[in-house]
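As you go down the protein sequences, you meet chains D and Y in turn. No gaps in the numbering here: position 98 of the first sequence is 98 in this note's numbering, and each next residue is one more. No gaps in the numbering here: position 169 of the second sequence is 169 in this note's numbering, and each next residue is one more.
Treat the hints with care, as some may be off.
Note that the list lumps identical chains together, so a pair holds whenever it fits in one copy or between two copies.
The calculated lysine-lysine pairs, modelled on BS3-like cross-linking and capped at a C-alpha distance of 25 Å, are [to be verified]: (1) LYS117 x LYS31; (2) LYS33 x LYS162; (3) LYS318 x LYS253; (4) LYS8 x LYS62; (5) LYS217 x LYS162; (6) LYS298 x LYS8; (7) LYS164 x LYS217; (8) LYS33 x LYS236; (9) LYS217 x LYS33; (10) LYS318 x LYS299; (11) LYS117 x LYS217; (12) LYS62 x LYS117; (13) LYS33 x LYS117.
None of these hints come from the bench; they were simulated from the model.
Number of protein chains: 2
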Amino acid sequence: MKTTGDAKILLAHGGGGQLSDELIRQRIWPKFKDGLTELTDSAKLELTSKSICFTTDSYVVKPLFFSGGDIGKLAVCGTVNDLAVAGSRPVALSLSLIIEEGFEFELLEKILSSISKAARQNNVAIVTGDTKIVEAGAADGIFINTCGIGVRLAGVDLGFDKIKAGDSVIVSGTIGDHGMTILSQREGIKFQSQLKSDCAGVAELTCRLLEDVKGVKFMRDPTRGGLASTLNEISKTTGLSIEINETDIPVNKTVQAAADMLGFDVLTIANEGKFVAIVPAGSADDCLGICREHPLGKKASIIGEVTETTDVPVVEIKTRIGGRRIVQMPYGRELPRIC
Amino acid sequence: MKTTGDAKILLAHGGGGQLSDELIRQRIWPKFKDGLTELTDSAKLELTSKSICFTTDSYVVKPLFFSGGDIGKLAVCGTVNDLAVAGSRPVALSLSLIIEEGFEFELLEKILSSISKAARQNNVAIVTGDTKIVEAGAADGIFINTCGIGVRLAGVDLGFDKIKAGDSVIVSGTIGDHGMTILSQREGIKFQSQLKSDCAGVAELTCRLLEDVKGVKFMRDPTRGGLASTLNEISKTTGLSIEINETDIPVNKTVQAAADMLGFDVLTIANEGKFVAIVPAGSADDCLGICREHPLGKKASIIGEVTETTDVPVVEIKTRIGGRRIVQMPYGRELPRIC
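Chain D on its own, in the form it takes in the complex (with noise of 0.2 Å):
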């Protein structure tokens, strides 16, 4: 079959008529013939439980290729993460783009290659799907939505309202790896081949872990705000305080000269394939097992715990020289456009 416009997005490409026609039917469904089985507006599921999680994320990371991933397997993994950590396997996702008229085909196809991928390798189907293109200059590149369901695990209830002093918090390795990586590639500075994002969906790990030991209260993907405004959101919904240790948090040595020669704290730099749990102190340490058993858990570590608050609540950090200082919700202004 012949397609017309052979290297760039028109905007006709985005008319509902022919050649949207033709940019679905040609580019982008046979991506995905899996789980998008007819072309109909909408997909029909049968679930394994009416218990749901559902969960939407739009993605506008810049750049769009970096180290580790691109904003295509960003898109399948952030949403895969949101359903993981609210205790549930995901299942279906949904696929929306929103093109730049002229942005290149090359492009468009590594991208739907690597949400394609991406999907396999964390069991989850792309089943209903929307293109829009908007003219050069109506946005950058390319941006893509993604929603996702999962089936809630039986027995599995997580809340803020499960969490009480004395729970352990735990964090499943290494933080800030994506952000660093985002913004050091930005700014293009020496030892961005050395930075990797740790870009990735844990659903695997955190079902096993949700599977294996129960009682686990709380999870959170520490994305956009980082370590610190996850911990912080934890305090100030509860009223109950943190402390963690600055020792205790797993950091990679590259990533951790990048923060300090960019002037960043790395607590509130984003992780897209990490996450917190809380859980009581008596499970934390079969938790760590079974983290530390998976390849995206290696590293995992207790940083603190949950404590009484005094005053108001805080997030405090033990530093590795002995001080105590308050974690801060970041302000929010350290990175646009880091997912």
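Got chain D; can you put chain Y on it based on the hints?
What follows is chain Y alone, placed relative to chain D:
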């Protein structure tokens, strides 16, 4: 509570820190508190069935506000309609915003109120969301993605494969209203005040139709590409032909005048509150009766029938003056950013 940055969206509102938290807690959450009971990344839902429909759409319409609606109302109704025509009852939507730095809070407020109102009117809850901010120039104001989950109606099984020669083709009302409204507004032409988008959610009507009349075979909302695109897709996929009668196709006079003046074929113009239904000839009058009792189906009409294909499958129209012509799949360049 004091809000930082009162008039306009800042990049930092998307950073995942304090300002993101403010934006979400103070401006977005209050509009959707019914469905968004907890600010976690995934919604937990208890469905009434394991058989669901799942759909996604990104909305990039320009201008953001138009006669009869705005991007917010459109983002709810469009996704509701995709679920409706798939034979399901819409229950939950996600809401994902991509906002350009500098976008006015006042406009955001209007759009969110509109989303909230449309969700209530259509009996769906906004249950999960996401907000991304991109720098000025990297998007055009605001783009909205909604995904939807609908519970499939028992005993209803719609599909291209059910369609047979002899079936009737029904359209639920006048065509071209949405597209011509947007286009006229963009062009600033005179009669725009008399044009009004048909933007509406048709799920109440489609559910009634599917529950009261057995044997409805297929439904589709003729959005981008209009009736021409929908009928051609049916013809192409089934291998059957379709014959429609121009005199039976309901078109508002002002829409027809606008289309004639601007040189558009009204058959190719987008609709946002209409559906096409393929029904057995024997049930067509019953279907019409049900449609006409509903405010959104008052001008419903049987516009033609599915026929055997003699040579290649075609959509043919018998014109007002007794001629015949082929209705082609539109090429797609007519109307960018119509939805």
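Taking the hints in turn, this is what the structure says about them:
1. LYS117 x LYS31: within (9 Å within a copy, 38 Å between copies)
2. LYS33 x LYS162: Only across copies: LYS33 and LYS162 sit 22 Å apart there, 41 Å inside one copy, limit 25 Å.
3. LYS318 x LYS253: Intra 19 Å, inter 74 Å, cutoff 25 Å: intra-copy only.
4. LYS8 x LYS62: both (20 Å within a copy, 23 Å between copies)
5. LYS217 x LYS162: within (6 Å within a copy, 48 Å between copies)
6. LYS298 x LYS8: neither (42 Å within a copy, 44 Å between copies)
7. LYS164 x LYS217: within (9 Å within a copy, 55 Å between copies)
8. LYS33 x LYS236: Classified as between; 19 Å across copies, 44 Å inside a copy.
9. LYS217 x LYS33: This pair counts as between: shortest inter-copy Cα distance 24 Å, intra-copy 38 Å.
10. LYS318 x LYS299: This pair counts as within: shortest intra-copy Cα distance 20 Å, inter-copy 71 Å.
11. LYS117 x LYS217: Classified as neither: same-chain Cα gap 32 Å, cross-chain 35 Å, threshold 25 Å.
12. LYS62 x LYS117: within (21 Å within a copy, 34 Å between copies)
13. LYS33 x LYS117: within (13 Å within a copy, 37 Å between copies)
Violation of the numbered hints given earlier is confined to hints 6, 11; the remaining hints are satisfied by the structure.
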